[in-house]
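**Q** If you read the protein sequences in the order shown, they are chains A and B.
For the first sequence, this note's numbering assigns the number 1 to the initial residue and increments by one for each residue that follows.
For the second sequence, this note's numbering assigns the number 186 to the initial residue and increments by one for each residue that follows.
Simulated from the structure, these hints should not be mistaken for laboratory data.
Just to be clear, a hint being listed does not mean it is correct.
Claimed, not checked - Derived, one-sided and incomplete: chain A residues facing chain B with beta-carbon distance under 8 Å:
no.: 1; residue: GLN106
no.: 2; residue: LYS107
no.: 3; residue: SER111
no.: 4; residue: ILE119
no.: 5; residue: TYR120
no.: 6; residue: GLU145
Using N, Cα and C, we set each Cβ at its ideal position, and we do this for glycine too.
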Amino acid sequence: MNEILVITGLPRSGTSLMMQIIDKAAVPVLSDGKREKDISNPEGYFELEAVKGIVQDNSFLNDANGKAVKIVAPLPIYMNPSLNYRVIFMRRDMDEILRSQEKMLQKDQVSEREKFRTIYDFHLKKTYRFLKENDIPFLDVNYKELIADPEKQLKELIDFCSLNTLVEELAVVVKPELYRNRNEN
Amino acid sequence: MAKKKNKVLLVGWDAADWKIIDKMMEAGLMPAMKRVVENGVRGRLATLDPPLSPMLWTSMATGVRPYKHGVLGFVEHDGQGSVRPVSSHSRKVKAIWNMLSMEGYKSNIVGWWPSNPVESINGCMVSNLFQQEKKGKEVMDKDNWEMPAGTIYPDRIIDKMMEVRVHPHDITGNLVMPFVPQAIALDKKQDKRLTIIAKFLAHASTIHGACTELMETEEWDFTAVYHDAIDHFSHAFMKYNPPKMEGLDEEAYDLFKDVVKGAYVFHDMMLERLLGMIDDDSTLVIVSDHGFHSDHLRPRFVPQVPSGPAVEHSPYGIFVAMGPGIKKGARIHGARVLDVTPTVLSLFDLPVGRNMDGKVLNDIYEVPKEIKYIESWEKIDKEGGSIVIPDNSDESSNESALQQLIDLGYIDDMKVEGDPDENRKEYLKNTLRENNFYLAKSYANGGQYDEALELLLEIENRKYPDFRYLIEIINCAIKTKRFALAEEYLTYIRSEGLIKENFIDVLEAKVQIGLNNAPQATKLLERAKMSFPDAPDVLLELGKVLTIMRDLEGAKDCFKKSIEIDPDNAYAHHGFGLAAMRNEEYELALEYLLNAVEKLYHYPQAHFHLGECLVFMKQYEAAIHSFEVVANIAPNLPKTYRWLQDIHEILGNEKEANYFKLIVSKYKLGEKVILTGVPGEKLQRTIQILQEIGLNIGGDTADFFGEHIDVSQPNWLSNFSEHVVFVPLQLIGSISGKFDLVFLYVQDDVLKAADFILQLEIKKESVYDAELIHALQKQVSVIETWFAQQPNLDVVYLTNPEDVHTPFVKKYLDLNVD
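Only chain B is shown next, with the shape it has when bound in the complex:
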């Protein structure tokens, strides 16, 4: 096939973060990056959970989540009872270089993690072990520097690739000086930090050398290069980056405060060189898999658990694209790590697999492209390259790469005491268990909570309790409404003292929210807040529960404080927007809901509430857009379609309204007439009259306070076979959107209702006081706002029990009386 003129260069900078890049560009320290940003589009690239680089870069290169691609951490089983660094053997799906090879495009792939052993693609591959200077635990001399097996494809380029390598010993003090100006005063042999800088520089230079050599000497359509140096520099030196962290040694701060800055400058210089090697017909894409906290969000300590250093990662990486047909100086929102492969495919006008979790970032184009789809690239029978050496390991190169991961703190070293065979077995078992934990996290991150929970319960072992596993189990149990399971684990964690009591309180509060016990949840969260007034988790959860309790000012305060701590927190913006919306402050709500979706596009709840807010502001066209986004990213929320039906009915779009009505009917669990009202004499009398005329009413009609309905059960309304169901006022908000509902709402005077309640002696502990009246007034106000804010809802207001005999009311009831 004819080659396209347009080439694509994809540059991967692990952990590159806009917070630093923006400051550097402003200070004139990253001129190459600034040029790209000004002439292209930029955006944040949302990472995945867990934010572990081999998993993320494989998602980047495949467009699918880790539970589909199979790369599950830093190490893998070598099939011979031991572990090795994660390799291309773990990947179960095709990568972008395979897809391009299948379509006849030539690629250069350099340093991608993981890509060893390399594959026989149409083009050249240099694996992530290429820059390794160690053999086993020993550093090889520059003159005797071997290449690990499976590093280069094809063999004919081995010699020229070996030529471009830079050995750490080549990095002299002068080269380290820009990073540590006072390096000369330090003893290089004594201070390992200088050696580390030299090593990171040598590795980055080697990868850069291989990339430029291949770009210059080989024919190519696509070049992808991956650099780990920013991540490594950041893990080692971000703690010294200005502003100075509390408690940091002054001397160390002065010595190393410029290292991270130096690393970014160095990458900008490499970028400058790459820019000089591509022409105007080429597209350049720069990405990072996650960011790195560089300000007050830097963690004060790194947990001593596998992959503990990942707490330093921030949830957004970078995305920049520049080239023909791409917008200039624009910003895009909502990009994710998963979207990189689909977008690269679109640059080549190739189809996207429907099985991919990512989407094409069509907003980058001046004229949006028509996206082509195929079922899956896996089903296409064309040669795309296969791994060049069989699945066995070169122990010496594995050992050195493993040592690198141990040095970086990503994996634990193996114990050396005792029986080596037993140690090895135990180490393998723990490694596989840890990888399964990452697999479970990936499932949960993709919304597959059942799969996650099943796996977590299998790997959880009370002999070796791991708080991370236990927390994830509780979270998944809550998500899947298995509250008894969550409680069982909370009891266990509490009894063993495995986590700080305040953190357990937050988890327990989530369970209580699920059990519809908002007052208890508030109590727990208030207690946690006393100890950790600035903990984002506590503030967010407390804000949510206060919203449920309709303490909307209190909720807004929590979210506001959370935004002050981290202005990028999409959940806090959403929470504030929702609280403001419930308070009928629509202008204010709109501002915060827009912030939320700008910061995190793949956030269906935020789009949903944005849509509702727009409806209340009568901005129907904009609301339609928001609900369509929800339908696209979370198609199983039936209420979305109810809103779309409702809006189109308002706008008189009959065809569209009927279309959404049809969708609603597919999700529909049934039709119900809900009898509810202010808990007073009028409500009691209405129930009595309806029963007298022979109406079967579901539910406990004496249970005015909802003590006998378990609303934590999904679709609990289905348990009632009757068409008319009595639901106490305070439980109305828990009714699923999967029913077509008509409400018979009995209004009453709140003061009389308070008298009635006291006379019933149901609330024996209550005395006639303002508190009860206030609670009732609030409940009435909440429910009336709720009625006003629901789509497709018919509410029949009854002020007099005898009104049930009127034809208007009978019209509703006759439908349901046999």
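Bound conformation, chain A alone:
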């Protein structure tokens, strides 16, 4: 792979799960392990501290060809557009995301749900606009469908990233018990 593989999506939309899958596929992952695993992400977050400073400094991407990095939406808009990327965009039902975030932050934000829903809509739109304007290829992966039908989703992923691995090898990463806060309705 001659590009930087970027995993994006809103926080709590399955970006860490996708990082595990990518790790399993033997793609080198840019991660410093500073954010430790916790009950919200028992397998770890696969994050890089430098991503938080991407607005001021995106140079950590300069030597990232062939590697994967997690950059939550809308931060990809600060990526250097002259580099080559391939992006996996994790999507999840907004109500599930909001509930999952509230649970993780142990905060009741029900009275601000529409506010955050709107902010996240803007973040998604901005990120998609950046990808389209810069002709960056991306693949939408729906978290719910990934859990429900891992084989189909993983096959698309393998094709999109030209991964040298088998669907079955990656499917073991997708553990249905991680699919918390399911939107029963």
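Given the coordinates of chain A, work out where chain B should sit on it, guided by the hints.
**A** Just chain B, lined up with the frame of chain A:
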């Protein structure tokens, strides 16, 4: 390049207002201004929102809105963890003086806000800190009066500029007497108001001195001078201006009632001097960035929030131009702050940037000019001047300028208790937050509601609720049809008691209108009106909702009352005109719609309805003009092009009709046949027959009252894949103009329909009474008027359900039956 003979003098008087100037000219107190007006063109200059002077004067000098030029308030981050008065470092685009420098013209720029540090232009610059007599918080002596860094360009003129300065201590009691005749009886040391007058006079004299000195001693093509004195005098003394405001102290009124008048006389005297310095080949332009309420519209109190004093500003400044090739004694309409730079460029026959938000005021010319355009002045690689000192601050001059802004009430002072570092950080954070609020307001003012909303949601903080932010969020949410978001904020505001209940009712009513719930909106607004019978917002909103409800006489009463309170309110004139038009009183409607566009030219809805009104009066040529104005200022309204197509078809202009047909097709979301009608047995039978012959009808054909369609969703009709869609009668007006439509309208007897409704027991609460019949009659009358007032609409009237079998009806249906 050869210099043009014609020079241009641009004079800026912050907050100058026609209401005062006209009275003064009539009384013979502004003879210089009167001469200019009689020999030139005059008009009102519409301001921008927010009406804050540094943002407006930068728009004036660049032709773009604040979200493009970057000057976002009175103060800015100094890059070192603190704030400083807004400077030229914030400006992200070229100003008129840069453009003229690039083309080889010489300029004198004096006192423009903000222009410190000055730029190395082709000519001379004297910044807005030039007149400052304070160093830090101390007033410097006249003999030891330093010049702040970055004030003058080039260095060679520093000495002569220092010579012309007038120190406030030079302003003696005698000089203040024309403003306050009884000044001698007041203790100058005790009454700060006299000191303030002396200071404003000294500042204005200093700027005037610098301007005249440069005009006299330097070669120039363009001189621009900015005076803040009328704004400052007005903020401090307009409350004493006649007529006397209720509750004002009698003694204070007698003492200071002539101050504002004196300020205008003083400016007229300065103008007289300038007129004596230009010849007949020169063009003079006088502008103000906004007006100032001087009558019953003066606010009774100024809100204690940042930039609170801006509530005293009125939305129209002044525009006057006099010179060769410019009309004499004429009036122009529709000028905006944004149009000044494009117009100055046209005076020099220079091109206008297509990225500019303003336009050339071509109506000022006896013979309209052919306007030249370039993509953007930013892309031209020529030397236009750069800021003479790097982006660091002279703390002492910043502090004095900051103090000036605090004194004027535009910004809050920093807290002094507690940890100074923490205070500074908090102050900076709040300043940046406030500037982002102004940025959001600028986006909203430019119609970029998504951008505004995104920013507002980021800066809104429930720990420090600010009602201004919350109101703006709700307004943007309504504009972008995010009603759930608006409701969430309304619930929050109500629960915290952050705004008066009646004002919340007005906001809630706007949401209800968006949700197509006009009865609930009316209820809320009627409640608000009980408490504030004269509030323009309440009257306007109530007028709008009554128009929707087709209580057209009630609507007209609301708008009329609003016009009585403020005859300049373009929205009230538009509202009245629309209500009259819906009532088919076209002559009356025309009068008010013309008033609306005269008062506010950049008002696409008013031009649009004016165009419709003219069509109904069969004045097709005039209607074409109105719709072309709409197409120019709001090109994304598809219905405009439908009207233009329709009118040209009527006039037999085949080529034009085809042209607009093509545009319509670009906007078109699709073609639909809408089945609708009086909710009765005939309609039910028609639906049944059509279904029997195998027609797929979209929508809920049992839902005669539109309870299952969410018309608040944009382009809701697109949700139906079928070509034929059943839409209940009361929702017809919500159909987007982006569809090509054919209506199958089933007519029925209203009395029979009322019986049918009661039999269906859908309206269980209804009893046979006049109310239901009246409601149905009204609905039928509304829809038939609506049909008559739409462009490019085919309506097939069905009186008998069996008529669907006739070839004529089948012609329409066959197109859509597989």
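**Q** It remains to establish, for every hint, whether it holds in the given structure.
**A** Here's how the hints hold up against the structure:
With 8 Å as the threshold, the beta carbon of A/GLN106 stays out of range of chain B, its nearest partner Cβ sitting at about 17 Å, so the hint is violated. Interface restraint check: A/LYS107 against chain B, minimum CB-CB distance 12 Å, threshold 8 Å, status violated. At a threshold of 8 Å, the smallest CB-CB gap from A/SER111 to chain B is about 6 Å, leaving the interface hint in force. A distance limit of 8 Å between C-beta atoms decides the matter here; for A/ILE119 the minimum to chain B is near 5 Å, and the interface restraint holds.
The closest approach between the C-beta of A/TYR120 and any C-beta of chain B is roughly 10 Å, which is over the 8 Å cut-off, so the hint fails. Violation of the interface hint for A/GLU145 is found here, the shortest Cβ-Cβ separation to chain B being roughly 24 Å, above the 8 Å cut-off.
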